[in-house]
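Colleague: Sequence:
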Amino acid sequence: MSLDLERAQYLASLPFLTAQEAGELLRTGRHEIYRLVNANQLACTRFGKKVVISREELDRFVREGHVVNTRPMTKQVRRHLSN
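Residue numbering for the sequence shown follows this note's numbering, beginning at 16 and increasing consecutively.
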(Lines of atoms letter the chains of each structure in order from A; the text may use other names.)
(Lines give C-alpha, C1' and ligand atoms only; values in the text may rest on other atoms or scores of the structure.)
Protein backbone atom coordinates (compact mmCIF):
# COMPACT_ATOMS: atom_id res chain seq x y z
CA MET A 16 0.00 0.00 0.00
CA SER A 17 1.48 3.30 -1.07
CA LEU A 18 0.88 6.49 0.87
CA ASP A 19 0.76 9.47 -1.46
CA LEU A 20 1.88 12.92 -0.38
CA GLU A 21 -1.62 14.40 -0.21
CA ARG A 22 -2.88 11.57 2.02
CA ALA A 23 0.22 11.83 4.24
CA GLN A 24 -0.29 15.57 4.69
CA TYR A 25 -3.95 15.03 5.52
CA LEU A 26 -3.15 12.37 8.13
CA ALA A 27 -0.37 14.53 9.60
CA SER A 28 -2.87 17.35 10.13
CA LEU A 29 -5.28 15.26 12.20
CA PRO A 30 -5.06 15.59 15.99
CA PHE A 31 -6.37 12.04 16.48
CA LEU A 32 -5.92 8.96 14.34
CA THR A 33 -7.64 5.62 14.06
CA ALA A 34 -5.50 2.48 14.21
CA GLN A 35 -5.77 2.23 10.42
CA GLU A 36 -4.57 5.82 9.92
CA ALA A 37 -1.74 5.43 12.45
CA GLY A 38 -0.69 2.28 10.63
CA GLU A 39 -0.61 4.15 7.34
CA LEU A 40 1.66 6.84 8.77
CA LEU A 41 4.02 4.28 10.28
CA ARG A 42 3.85 2.19 7.10
CA THR A 43 2.54 -0.83 8.96
CA GLY A 44 -0.88 -2.35 9.41
CA ARG A 45 -3.62 -1.62 11.90
CA HIS A 46 -3.03 -5.01 13.51
CA GLU A 47 0.52 -3.97 14.43
CA ILE A 48 -0.91 -0.78 15.98
CA TYR A 49 -3.30 -2.93 18.03
CA ARG A 50 -0.35 -5.07 19.14
CA LEU A 51 1.55 -1.96 20.27
CA VAL A 52 -1.50 -0.75 22.20
CA ASN A 53 -1.99 -4.16 23.84
CA ALA A 54 1.73 -4.30 24.73
CA ASN A 55 1.36 -0.87 26.44
CA GLN A 56 3.89 0.65 24.05
CA LEU A 57 1.39 3.07 22.52
CA ALA A 58 -1.27 4.86 24.56
CA CYS A 59 -4.76 5.20 23.16
CA THR A 60 -8.29 6.23 23.98
CA ARG A 61 -11.09 3.77 23.38
CA PHE A 62 -14.60 4.66 22.32
CA GLY A 63 -16.36 1.34 22.57
CA LYS A 64 -14.37 -0.87 20.21
CA LYS A 65 -12.81 2.07 18.38
CA VAL A 66 -9.16 2.79 19.20
CA VAL A 67 -8.06 6.41 18.79
CA ILE A 68 -4.45 7.52 19.10
CA SER A 69 -3.44 11.14 19.56
CA ARG A 70 -0.98 12.53 17.07
CA GLU A 71 1.18 13.66 20.01
CA GLU A 72 1.37 10.08 21.31
CA LEU A 73 2.31 8.74 17.89
CA ASP A 74 5.00 11.42 17.54
CA ARG A 75 6.34 10.55 21.02
CA PHE A 76 6.52 6.88 20.10
CA VAL A 77 8.48 7.62 16.93
CA ARG A 78 10.71 10.25 18.57
CA GLU A 79 11.73 7.86 21.36
CA GLY A 80 12.74 5.33 18.72
CA HIS A 81 11.11 2.31 20.27
CA VAL A 82 12.17 -1.05 18.93
CA VAL A 83 9.32 -3.30 19.84
CA ASN A 84 8.79 -6.97 19.25
CA THR A 85 5.10 -7.53 19.90
CA ARG A 86 5.15 -11.09 18.66
CA PRO A 87 6.34 -13.97 20.81
CA MET A 88 9.40 -15.88 19.66
CA THR A 89 8.84 -19.30 18.20
CA LYS A 90 10.82 -22.33 19.36
CA GLN A 91 12.70 -22.27 16.07
CA VAL A 92 13.81 -18.65 16.60
CA ARG A 93 14.84 -19.28 20.23
CA ARG A 94 16.85 -22.32 19.14
CA HIS A 95 18.57 -20.30 16.39
CA LEU A 96 19.46 -17.47 18.79
CA SER A 97 20.88 -19.83 21.41
CA ASN A 98 23.42 -21.30 18.95
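Hints listed in this document are in silico derivations from the structure and should not be mistaken for laboratory results.
Just so you know, these numbers come straight off a predicted model, no measurement behind them.
Virtual Cβ for every residue (Gly too), placed ideally from N, Cα, C.
Hints may contain errors.
What the hints assert, rightly or not - Subject to a maximum C-alpha distance of 20 Å in a straight line, what follows is the list of computed DMTMM-like cross-link-like pairs (lysine to aspartate or glutamate): (1) Lys-65 / Glu-47; (2) Lys-64 / Glu-36; (3) Lys-65 / Glu-36.
Unchecked claim - Pairwise CB distance ranges (calculated): (4) Lys-64 / Leu-41: 35 to 41 Å; (5) Arg-94 / Ala-27: 16 to 22 Å; (6) Leu-20 / Arg-94: 41 to 47 Å.
Colleague: Are the Cα atoms of Lys-65 and Glu-47 separated by 20 Å or less?
Modeller: holds (15 Å)
Colleague: Do Arg-94 and Ala-27 keep their Cβ atoms within the hinted range of 16 to 22 Å?
Modeller: violated (43 Å)
Colleague: Would you check the hint for Lys-65 and Glu-36, treating anything up to 20 Å between C-alpha atoms as holding?
Modeller: OK: Lys-65 and Glu-36 at ~12 Å, within 20 Å.
Colleague: Is the hinted range of 41 to 47 Å satisfied by the C-beta distance from Leu-20 to Arg-94?
Modeller: holds (44 Å)
Colleague: Take a quick look at whether Lys-64 and Glu-36 sit within 20 Å of each other, Cα to Cα.
Modeller: holds (16 Å)
Colleague: Could you see if the CB distance from Lys-64 to Leu-41 stays within 35 to 41 Å?
Modeller: violated (21 Å)
Of the numbered hints listed earlier, those contradicted by the structure are 4 and 5.
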